[in-house]
Amino acid sequence: MADQTTNPIAFVAEGTIPPSPPPANQTGIVKWLRENLFSGVTNTILTLLSLILIYVLLKNTLPWIMNGVWNANSLAECREILAGKTGACFAVLTERWPQLIYGFKYPDEAYWRPNLAFVLMLVALAPVLFFDLPRKLLVFTALYPFIAFWLIWGGSILVPLVALVGFIAAGAVFQKLGRNSFAAGFFGAIVVALIVWNIGGALIPEDANEGAMLTAVPSRDLGGFMLNMMLGLTCVSLSVPLGIALALGRQSSMPLIKWVCVIFIEFIRGVPLITLLFVASVMLAYFFPPDSTVDLFLRVVIMITMFSAAYIAEVIRGGLAALPRGQYEAADSLGLDYPQAMRLIILPQALKISIPGIVNVAVGLFKDTTLVSVISMFDLVGMIRGPILASTEWNGVYWELLGFAALLFFVVCYGISQYSQWLERRLATDHR
Amino acid sequence: MSTMTDPPKADFRLSMLINDTRYRSLTFQVIAAIAIALSIWYLGNNLIQNLRAAGLNISYTFLGDPSGYDINQRLIEYDSQSSHGRAAVVGILNTLLVAFLACITATVFGVIAGVLRLSNNWLVSKLMAVYVEIFRNIPVLIWIIIIFTIMTAVLPGPRAFRGDNPTSSMLFDLFAFTNRGVYIPGPHFSSGFFSAAFLNWLLVIAVLIGSWFASREVEKRATLQQEQTGQRPKTGLVKLGVWLVPVALLMVLMGLTWDVPELKGFNFSGGIKIGGPLIALWFALSIYTGAFIAENVRAGIQAISKGQTEAAAALGLRPGRIMNLVILPQALRVIIPPLISQYLNITKNSSLAIAVGYADITATLGGITLNQTGRAIECVLLLMLFYLTASLLISMAMNVYNASVKLKER
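As you go down the protein sequences, you meet chains A and B in turn.
Number 37 in the numbering used here belongs to position 37 of the first sequence; there are no gaps in the numbering.
Number 1192 in the numbering used here belongs to position 192 of the second sequence; there are no gaps in the numbering.
Please note that a few of the clues may not be correct.
Claimed, not checked - Calculated Cβ distances over 12 Å to all of chain B for the following chain A residues: (1) Ala193; (2) Leu284; (3) Lys352; (4) Val412.
As the list claims (entries may be wrong) - Listed next, the stretches of chain A that the computed footprint assigns to chain B, with coverage defined by at least 3 CB atoms under 8 Å from CB atoms of chain B: (5) 36-48; (6) 268-275; (7) 402-410.
The set of hints was computed from the structure by calculation and includes no laboratory data.
All C-beta atoms, glycine included, are put in the ideal place defined by N, C-alpha and C.
Work the whole structure out from these sequences, hints included.
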């Protein structure tokens, strides 16, 4: 004991040693690189291959984009300015901008009309897409189709006005009769709307389009990206109600209704859109009354709407099938009749489940509107392949034009799919 | 006191047709039937009147008339004297050819991209995400046109291969990429057992199927031996032999030679020519659909719970075997149904061939034949019938598969 006290202890730790930083290769960017890019032989090879790929892509495209010429009147002039350097000739975009966006026949002095319609479209879509906005804005959304029709096609304001009055009358009748019986309200509304439209149509003078505030533009003069947007928006908004009806019809207990819906859906889903567009361009005219001329735009809208309605119906059917049986039984036990049960209990839930699917169909449909170029409508792709590439000034400017078209579609479609993901998170009320 | 009463046995009143659930569905169906019949009558009447006004009738005899146009890309004998019907058959075969090729390559692209998107490698997974997003969000028609433009505007013409100092040269002296199409060496039997070339190829396929059965037999024996002795014999070499030897022998016996494309005059001759439109369509459909398949594959793999991977790792399996033996067999059940509907999409999207002039059924029957004969209704109906049959067959295959892999539950 004694000598222990005499021998001084060589070392006593008097406090905790401060923690030393982790080794350099275990922290920060080095660790991240090691773990994520170079964690093994295969991974290293993959990383190097990716880097080479990115390098090659950038090396070939960057100078091309950077040297781009934005002001020239023809490809030859572009090449002169570039003087042998590689570079894009974006001048085609600035020079042919109106053609790319509005088509080559839309009157120059009327470009403000589609522009205004586009801005108003954003306003009209806002309350549909973001439901935190005041509900009163939906009134404008309901008015928008008539305003947009008048702005884009021009002509007499009486035409959209009569259509609007017909819808208002139908709505009023539905409110009145529909309280007691959905069917009575529904069919009453259709009859009233038809009556109003027929009377109104007779009242509109033949020469209403002459001297109208906005000059009338025939449908065949529409073109460019505007046509894609119009087809996409019209067909999606028309096909959602039709798709709901088809999905409900397919679930119906009435065999006749059910089989009509099944055959319609399976038939449309079994054929490519191109064949349906052929129907619109060469065959549908045979089914309209003789002497009537239904313009190509309307025929195409009819066929594309039927096409996307069939796909949307299948998406909604999935949503309906995903609802537990108890929801239907609960609605029945509350004494709700079929329209009430559907409107108040089933559809709100089923549609919520189907939103991602419906957005997928909408994106697909928007991309498919480029197919109308095959039946010689001059949408964006049609304009590029037709009038612009065939012109002597711009013959050979492929990449700038196709890249521009690709970029436009990418921005819109990617935007829509991002919105759908946001909406899905927003609507997720369960705890997953 | 309440008394039980029988339900009222009221006489049938007209209002019961709409208010009584027993009769209501009947009423509605009768109304629907009348509405459908009326609209069919209306449309049919319009059709008949319009046809009479145009002096047309519905008849399919035009299918037997000489077509008068040529088709470059064809799998069977055809010339401008052949009938419109034969042109349609050429078109059908071309549709099936491009759909078949695109299905295979799209699956390859899709599986690679889908698996790599889940890779631990940050760069690779981001790169694959970019690929998927770019290709999914741009219309396939634009992709077809872009690749077709590469084929026709970027690749050199055959003239560039000529002269003493050619600006372009053939790859390995075997493949020629020109703006008129890609030329590859074609296999050719100099002493085939049959005079018709396709019978010889059938023989080759038959031998390959035989090899498949034989190699399965080898596997079975190996498993049997493993169960008895606990040792699994090495079967790799034996299987390789079973696959290669019979085919190689057959090839030698039939005198396989390669017909290499050569520059003759102003164009290449010999070998197999794959036209630019076919390549554009094939490749565009593959990369476009590949992006969708990649998402299906990713979703399928992610649907398998992480516990499966961990359990397999706990058993001591290596990552490759975990994927092959544990994850993929389960993921396939999730992946295959959407995969088959992607195949359906490829078949339907192949109708875009008309945009680049590939002679598929839409371009022959729905394009040139329709324009030459003016038989719009007949042509479009036949076209729809073909696609409808194809899609019904594919969905039937899907249903059979779904039934076979369904989880056997109580």
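Structure-based check of all given hints:
Taking the minimum C-beta to C-beta distance to chain B, about 17 Å, the non-interface status of alanine 193 of chain A holds against the 12 Å cut. With 12 Å as the threshold on Cβ separation, the claim that leucine 284 of chain A sits away from chain B is violated: the shortest Cβ distance comes to roughly 10 Å. Interface exclusion of lysine 352 of chain A from chain B stands, the closest Cβ pair being 20 Å apart, more than 12 Å. Look at valine 412 of chain A: its CB is around 8 Å from the nearest CB on chain B, not clear of 12 Å, so calling it non-interface is violated.
Restraint check on the segment 36-48 of chain A versus chain B: 6 residues with Cβ-Cβ distances below 8 Å, three needed, restraint holds. Under a criterion of three residues with beta carbons nearer than 8 Å to beta carbons of chain B, the stated coverage of the segment 268-275 of chain A is upheld, 7 such residues being counted. A count of 5 residues in the segment 402-410 of chain A with a Cβ less than 8 Å from any Cβ of chain B is obtained; the coverage claim is therefore met, three being the minimum.
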